[in-house]
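Use the sequences and the hints to build the structure in full.
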Amino acid sequence: MKNLLLFLASLLGLAWLTERVLDFGLSQNFDFKSSAVASGKLRAEALFQGSSRVAMMLDPQIFEQKTGLDTYNLGLNGNSIEHQLALLHLWLQHNPKPKVLFLEISPEYLQQSNLGFYSFYFVHQLREPFFERVVRQKNPELLRASYVPLLKYALYNHTLVPEALAGLGRWLRRGAGEDDLKKGFSPSPFVHFDDTFDRFRALNPGGFVAETDTGKLNGFGRYFRYANAQGLRVVAYEAPLLNEYLRLHRNRAAQLARLDSLCRAEGVPFLHLDTTGLGRDRRYFYNANHLNAQGTDRFTAELGRHFNAIVRPGGKPTQPRSAL
Amino acid sequence: MLFNSLNFLVFFPTVVVLHFLLPHRWRWAMLLGASCYFYMAFVPAYILILFATIVIDYFAGLWIENAQGVRRKRLLIISLVSNLGILAFFKYLGFFTENIADLLKAIDLPYPAALATAASNKVFVGVLTLFGQNSVSSYTEAMSILPIGLSFHTFQAMSYTIEVYRGNQRAERHFGIYALYVMFFPQLVAGPIERPQNVLHQFHEKKTFNATRALDGLRWIYWGLFKKMVIADRLSQFVDPVFNDPNPEKYGALATAAATVVFAIQIYCDFSGYSDVAIGTAKVMGYKLMENFRRPYLATNIQVFWSRWHISLSTWFRDYLYIPLGGNRVSRGRRYFNLAVVFLVSGLWHGAAWTYLVWGALHAVFNLGTVALRESGRVRLPERWWADALGMVVTFGLVSFAWIFFRAHSLHDALTLVRTLGTWRGWSVEWNSLEYWTLRTGDPKPPYRMLFSGIGLLLLGLGDYLIEKKRDRLPGPTLRMLRPALYAAMVIFFLLFAVFDSGKQFIYFQF
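Just so you know, the protein sequences line up as chains D and L, in that order. Note that our numbering gives residue 164 to position 138 of the first sequence, counting from 1, and the numbers run on in steps of one. Note that our numbering gives residue 50 to position 47 of the second sequence, counting from 1, and the numbers run on in steps of one.
Keep in mind that the hints were calculated from the coordinates and are not lab data. All residues carry an ideal CB built from backbone N, CA and C; glycine is no exception. Hints may contain errors.
Subject to a maximum C-alpha distance of 27 angstroms in a straight line, what follows is the list of computed DSS-like cross-link-like pairs (lysine-lysine) [claimed, not checked]:
(1) Lys291/L x Lys209/L
(2) Lys208/D x Lys125/D
(3) Lys208/D x Lys92/D
(4) Lys123/D x Lys28/D
(5) Lys28/D x Lys210/L
(6) Lys125/L x Lys210/L
(7) Lys28/D x Lys472/L
(8) Lys28/D x Lys473/L
(9) Lys67/D x Lys208/D
Derived DEER-like restraints, expressed as beta-carbon distance ranges [said to hold, decoys possible]:
(10) Gly232/D x Ala91/L: 41 to 49 angstroms
(11) His120/D x Ala392/L: 54 to 62 angstroms
(12) Arg337/L x Val217/D: 55 to 63 angstroms
From the derived model, a few chain L residues whose C-beta atoms are all more than 12 angstroms from chain D [unchecked claim]:
(13) His22
(14) Leu218
(15) Phe296
(16) Arg337
(17) Ala501
(18) Val502
If you want it as structure tokens, here you go:
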């Protein structure tokens, strides 16, 4: 019995200590964007938010060259608007307001409300009120698990343990900071167009109709209203998609119209880009939804030009483009 | 029930506590009930199949013991045919019917081919419907819901009647204990395939709780789960992309070779991990199961490999197939033939597919080659370390190559992978393909995980070893403090590095 008690006491103590170490490790790893935001060390005149289609498809350095605005890429894998809103809260709590806030939106994100939300992003900051709120809503089990030392890390150890270890390593070498990212930008490692789209098309030769989740649409509305209430200037845009893929999406025009109407109602300009025809050429993509490095460079430069020409004071946003 | 599930975390301590709380005369009933529950966690109705084989073999054992001469032999044959019949029906009917149908089509008899397929499909689906499997329309759809571990417990049951027939084992009078011999939950679904002489008597013996033995058992369980959940399940992320979708354009020779080697490690950790948990689980309760793996990848030739890999199966084939066929006491040609038969049957035991048959055939070729070389006396390596090292590398290479056929979904896939291995497209292309492969695993920052888990593993293992080795020299209070702290650290390590979210089955469950 004595041994058992000793074992349980050691387990509890070690688990608590390990959890603190991992929390600290993650807080030092700015590749983990919520850590970077919570550090209060970020400054950006242009702040980009959105899914992996921002994280990997918007190079802040190129955008800075084109616009002269100090830029940070706050894109996060997963297309949940709740991610973006919680991160925006965190940004505004710890860092100065950006001059312009860019949000990448697409009809792609109006479906499957339960997908595209990754709880592991918030594990080490569950006590932040807006993170706690969003996790309580999306994944209450994680909140319950967080009361048992280390269990929250065990649930997501695949991602979080290496990231925390990377953070500790980074802290030991140079202090907190980014390792792989550059101002939040995570360059795509893929170059060649893979076969996922062709497989998808083979399964859907007649195209597909995507459902519209009004909850998601409302989420965008909440995001715009919060940003407006904070006095932020918001610009929405849609990054390029492969045209072959767009042609399969049979109700894209209707979904795009709903986004347009939402943006108009909230007074947010919605840029429809891709005038250089990136979407026509597979060479710029590694799958139907993601540009490769070459495509990203061209697209970021194009977005910068659009911003200068149209959105900056005196300019007007482009008119909604009809769906392809 | 899976060993790597939360259910087992509740199930096992409950069984252990009950086992030692109950009086000896009721333990068999509790263990049998627990084993039934364990098995029924997969597909409950299939326990009826197990029950049928248990009833047949129980009575066969009693009757064989009392019979003499031809009648004794006839009873054994009836028992074996019953066991193999069930195995053949559930596991091989589809394979044989489809191949016969293909043969009939090839000789321009499409009508009988279609008839044979339709008829056997109908019988098969009808029987599965009796077991509540209504969603299946053909045997090709049924692979994932077939009785789990069927080949394991069938072979264990057969070893009982054969040993009774040979006079090496007295027939078990107690029906419940015989049923427990077949169904003992630690080794029910993936072995080790036990022999009655080793296990049956243990169920009659009164077991008392022994803390040292229980601790040792828990240590086996820990390392078994470690091999499975920390190593094998992680490695599967590297193996699956290549083997589930063989595509020379995506994964070149280098990536395919790497995935093949990784699979060799994965399957070892997966299967030996299961055996370790089985041995440890039984050990905590005071039962001793046979060793199933003995560092097989350190074997210096393929024959040594087979004396160390899945020992309970290879010795089963040796005792109940190779020796009855004549063993080593026959002419050289016949001996070679016997050896080939054993490996082909071993391949077929693993699964009803050409891939397994080719895997068995490859091992037959490797083994025959080794025997022939040795007997010819042409190749003699000196007894030096480098010769052993060379032997290990060659053996590992051959075994890994054969695993391609074992893991591939079809013969076509396996041949595509083999062709890819033989097509070198230059360093830069191959390197790109290797990079693409590692990226596709979705494993973020693998060097950190590898590095830290490797160091952690080494420290924990070393700590465990040192405490065990120096226990007599360590002062009592220090030892008392060190042990719990070390075990707590082992649990923490496990929580940080095991795969919890996939609930992956053990590879050998499908057999």
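Checked hints:
Between the alpha carbons of lysine 291/L and lysine 209/L the distance comes to roughly 13 angstroms, so the proposed pair stays at or under 27 angstroms and holds. Distance check on the hinted pair: lysine 208/D and lysine 125/D sit about 20 angstroms apart at the alpha-carbon level, within 27 angstroms; holds. Our distance criterion of 27 angstroms between C-alpha atoms is met by lysine 208/D and lysine 92/D, whose separation comes to about 17 angstroms. A C-alpha spacing of about 57 angstroms is found between lysine 123/D and lysine 28/D, which places the hinted pair above 27 angstroms, so the restraint is violated.
The straight-line distance between the Cα atoms of lysine 28/D and lysine 210/L is roughly 24 angstroms, inside the 27 angstroms bound, and the hint therefore holds. At roughly 49 angstroms between alpha-carbon atoms, lysine 125/L and lysine 210/L are farther apart than 27 angstroms, so this suggested pair is violated. Of the pairs offered as hints, the one joining lysine 28/D and lysine 472/L holds, with about 23 angstroms between alpha carbons and a cut-off of 27 angstroms not exceeded. Pair hint lysine 28/D plus lysine 473/L holds up; C-alpha atoms about 22 angstroms apart against a cutoff of 27 angstroms.
Of the pairs offered as hints, the one joining lysine 67/D and lysine 208/D holds, with about 15 angstroms between alpha carbons and a cut-off of 27 angstroms not exceeded. Roughly 45 angstroms separates the CB atoms of glycine 232/D and alanine 91/L, a value that falls within the hinted 41 to 49 angstroms. A hinted range of 54 to 62 angstroms holds for the C-beta pair histidine 120/D and alanine 392/L, which are about 57 angstroms apart. The given range of 55 to 63 angstroms is respected by arginine 337/L and valine 217/D, whose C-beta atoms sit roughly 59 angstroms from each other.
Every CB of chain D is more than 12 angstroms from the CB of histidine 22/L (nearest about 18 angstroms), matching its label as outside the interface. A beta-carbon of chain D is positioned within 12 angstroms of the beta-carbon of leucine 218/L; the least distance is around 10 angstroms. Chain D leaves phenylalanine 296/L outside its interface by the beta-carbon criterion, the shortest separation being 27 angstroms against a cut-off of 12 angstroms. Every CB of chain D lies more than 12 angstroms from the CB of arginine 337/L, the least distance being 51 angstroms, so the non-interface label holds.
Not every CB of chain D lies more than 12 angstroms from the CB of alanine 501/L, the least distance being 7 angstroms, so the non-interface label is violated. With a least CB separation of 7 angstroms from chain D, valine 502/L falls inside the 12 angstroms interface cut-off, contrary to its annotation.
Consistency note: the structure conflicts with the earlier hints numbered 4, 6, 14, 17 and 18.
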